[in-house]
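Quick mapping for you: the protein sequence lines, in order, are chains A and B.
Residue numbering for the first sequence follows this note's numbering, starting at 1 and increasing by one per position.
Residue numbering for the second sequence follows this note's numbering, starting at 186 and increasing by one per position.
Mixed in with the good hints, there may be bad ones.
[What the hints assert, rightly or not] Cβ pair distances, simulated, as ranges: (1) B/I193 <-> A/S68: 39 to 45 Å; (2) A/K73 <-> B/K266: 49 to 55 Å; (3) B/E232 <-> A/R183: 40 to 46 Å; (4) A/K73 <-> B/K349: 41 to 47 Å; (5) A/S68 <-> B/K236: 36 to 42 Å; (6) A/E119 <-> B/S366: 29 to 35 Å; (7) A/K177 <-> B/R350: 40 to 46 Å; (8) A/R22 <-> B/A265: 33 to 39 Å; (9) A/E119 <-> B/V356: 18 to 24 Å; (10) A/G65 <-> B/I193: 26 to 32 Å; (11) A/E119 <-> B/E304: 23 to 29 Å; (12) A/R183 <-> B/P233: 22 to 28 Å; (13) A/R84 <-> B/S366: 20 to 26 Å; (14) A/E47 <-> B/E359: 29 to 35 Å.
[Unchecked claim] Below, a list of computed lysine to aspartate or glutamate pairs in the EDC-like style, where the Cα atoms sit at most 16 Å apart: (15) A/K105 <-> B/E359; (16) A/K177 <-> B/E309; (17) B/K362 <-> A/D54; (18) B/K362 <-> A/E47.
[To be verified] Which bits of chain B does chain A cover? Going by a derived footprint, with three or more residues having C-beta under 8 Å, they are: (19) 217-224; (20) 227-237; (21) 263-275; (22) 287-294.
Please keep in mind that the hints were generated in silico from the structure rather than gathered at the bench.
Idealized CB from N, CA, C, for every residue including glycine.
There are 2 protein chains.
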Amino acid sequence: MRKRFKAICMISVLRLGHRSQRDVRISTHCGLVARALGASEIIYSGEPDPKLVDSVKSVAKNWGGPFSASYEKSWRKVMAKYKRKGFYICHLSMYGLPIQTIIKKVRKRRNVLVVIGAEKVPGEVYRLADYNIAVTNQPHSEVAALAVLLHEYFKGKELGKKFKRAKLRIVPQERGKQIKSLRQR
Amino acid sequence: MRKRFKAICMISVLRLGHRSQRDVRISTHCGLVARALGASEIIYSGEPDPKLVDSVKSVAKNWGGPFSASYEKSWRKVMAKYKRKGFYICHLSMYGLPIQTIIKKVRKRRNVLVVIGAEKVPGEVYRLADYNIAVTNQPHSEVAALAVLLHEYFKGKELGKKFKRAKLRIVPQERGKQIKSLRQR
Chain A
1 MRKRFKAICM ISVLRLGHRS QRDVRISTHC GLVARALGAS EIIYSGEPDP KLVDSVKSVA
61 KNWGGPFSAS YEKSWRKVMA KYKRKGFYIC HLSMYGLPIQ TIIKKVRKRR NVLVVIGAEK
121 VPGEVYRLAD YNIAVTNQPH SEVAALAVLL HEYFKGKELG KKFKRAKLRI VPQERGKQIK
181 SLRQR
Chain B
186 MRKRFKAICM ISVLRLGHRS QRDVRISTHC GLVARALGAS EIIYSGEPDP KLVDSVKSVA
246 KNWGGPFSAS YEKSWRKVMA KYKRKGFYIC HLSMYGLPIQ TIIKKVRKRR NVLVVIGAEK
306 VPGEVYRLAD YNIAVTNQPH SEVAALAVLL HEYFKGKELG KKFKRAKLRI VPQERGKQIK
366 SLRQR
């Protein structure tokens with residue numbers, strides 16, 4: 001039996017270079033994965049996209065939290081601010097060092113800012129990050145890389161996370177679908 | 186040190202209900218994640234989209250394999266065929282049973298067909314699957330669910346997978362990017 005998930009740490013996710021037409025679904029997936037797998041918030045930079053932020057917020061409102069989504073124009077300011085606050089900055093990149101050789105060091109940090117890029121990531125991000133981490137050195141997906149990082153960081157305990165103030169909850173089924181509506185406590 | 190990855194098993198991925206305009210990036214990510222994290226192939230159903238199949242194939246050509254991408258109009262036929270071939274069918278769904286309670290049983294199977302849906306999955310899929318598996322019962326992303334399933338199935342060993350006949354390979358770096366061009370052996 002895996003231990004119960006406890007949020008004794010704070011993982012924030014910074015999504016770089018969002019483009020409001022092209023990236024809307026991938027960026028939404030990044031936000032939902034961040035929430036579902038134990039992060040506390042996602043911050044989007046790139047093109048402003050209030051609909052994107054609202055759609056992630058509305059999932060958190062219905063399915064529980066705490067989880068916040070927000071937009072910040074300057075990723076530089078976000079990285080500087082979180083560094084000042086003592087966050088460890090992990091940039092996910094296919095060019096980085098293999099996650100399996102680094103994850104133990106990351107787990108020692110209670111507060112982590114995970115940076116995930118879009119198409120082209122400025123060189124400055126690589127320099128500002130405490131670690132550039134690769135979830136395989138193969139081309140694939142920032143959504144998957146974020147999922148594996150969170151799953152490894154929390155050692156699978158995030159899978160049992162309970163969400164507070166949920167209006168909706170799924171009752172797991174062998175076949176079919178069952179959703180329960182909950183009164184807010 | 187994690188054990189070396191060995192392909193003693195065959196994981197195929199079936200992506201349901203692809204829509205050529207709306208899903209192209211998510212479906213591409215599904216294919217690339219399948220390849221990068223140790224699956225042997227992806228089969229797309231839904232709207233035919235030769236560009237999608239070609240783009241996943243071309244990644245496998247440049248970055249190595251073996252990995253195949255293909256299109257089949259009827260997901261029903263694919264599921265029936267793989268069932269006949271003895272594949273265990275795992276359908277990823279937020280409504281299913283928690284992966285952490287089922288993964289041990291799945292790992293015992295050498296040949297697995299992982300089915301991932303798009304927006305609306307027909308009830309028949311739930312009935313045909315040997316298991317409906319949830320990577321958390323929260324709404325998030327089929328890309329992330331696929332990544333966590335493969336990562337759990339292979340116990341992280343897929344992260345060290347070597348790809349054959351690669352033309353390109355990344356040399357992992359603490360900072361910056363290094364790609365090596367390889368002569369094909």
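Return holds or violated for the Cβ distance of A/G65 and B/I193 against the range 26 to 32 Å.
-> violated, 42 Å
Pairwise beta carbon distance, A/E119 to B/E304, judged against the given window 23 to 29 Å = holds, 25 Å
16 Å Cα cutoff - pair A/K105, B/E359 | Given that 16 Å is the threshold and the Cα spacing comes to 14 Å, the pair holds.
Is 33 to 39 Å right for how far apart the beta carbons of A/R22 and B/A265 are?
-> Cβ of A/R22 to Cβ of B/A265: about 37 Å, so the range 33 to 39 Å holds.
Sort out whether B/E309 lies within 16 Å of A/K177, counting only the CA atoms.
-> holds, 12 Å
Given a hinted range of 22 to 28 Å, is it respected by the beta-carbon distance of A/R183 and B/P233?
-> Violated - the Cβ-Cβ distance for A/R183 and B/P233, about 46 Å, lies outside 22 to 28 Å.
Using the Cβ atoms, figure out if A/S68 sits within 36 to 42 Å of B/K236.
-> holds, 37 Å
How about the segment 217-224 of chain B: do at least three of its residues have a C-beta closer than 8 Å to a C-beta of chain A?
-> holds (count 5)
Range hint compliance [Cβ, B/E232 to A/R183, 40 to 46 Å] | holds, 41 Å
In this structure, is the beta-carbon distance linking A/K73 and B/K266 contained in 49 to 55 Å?
-> The hinted range 49 to 55 Å holds for A/K73 and B/K266, with Cβ atoms some 51 Å apart.
How does the coverage statement for the segment 263-275 of chain B fare against chain A, requiring three or more residues with Cβ below 8 Å from a Cβ of that chain?
-> Answer violated; 0 residues pass the 8 Å Cβ test.
Is it true that A/K73 and B/K349 lie within 41 to 47 Å of each other by Cβ?
-> With Cβ atoms ~45 Å apart, the hint holds.
The structure shown violates the earlier hints numbered 6, 10, 12, 13, 17, 18, 20, 21 and 22.
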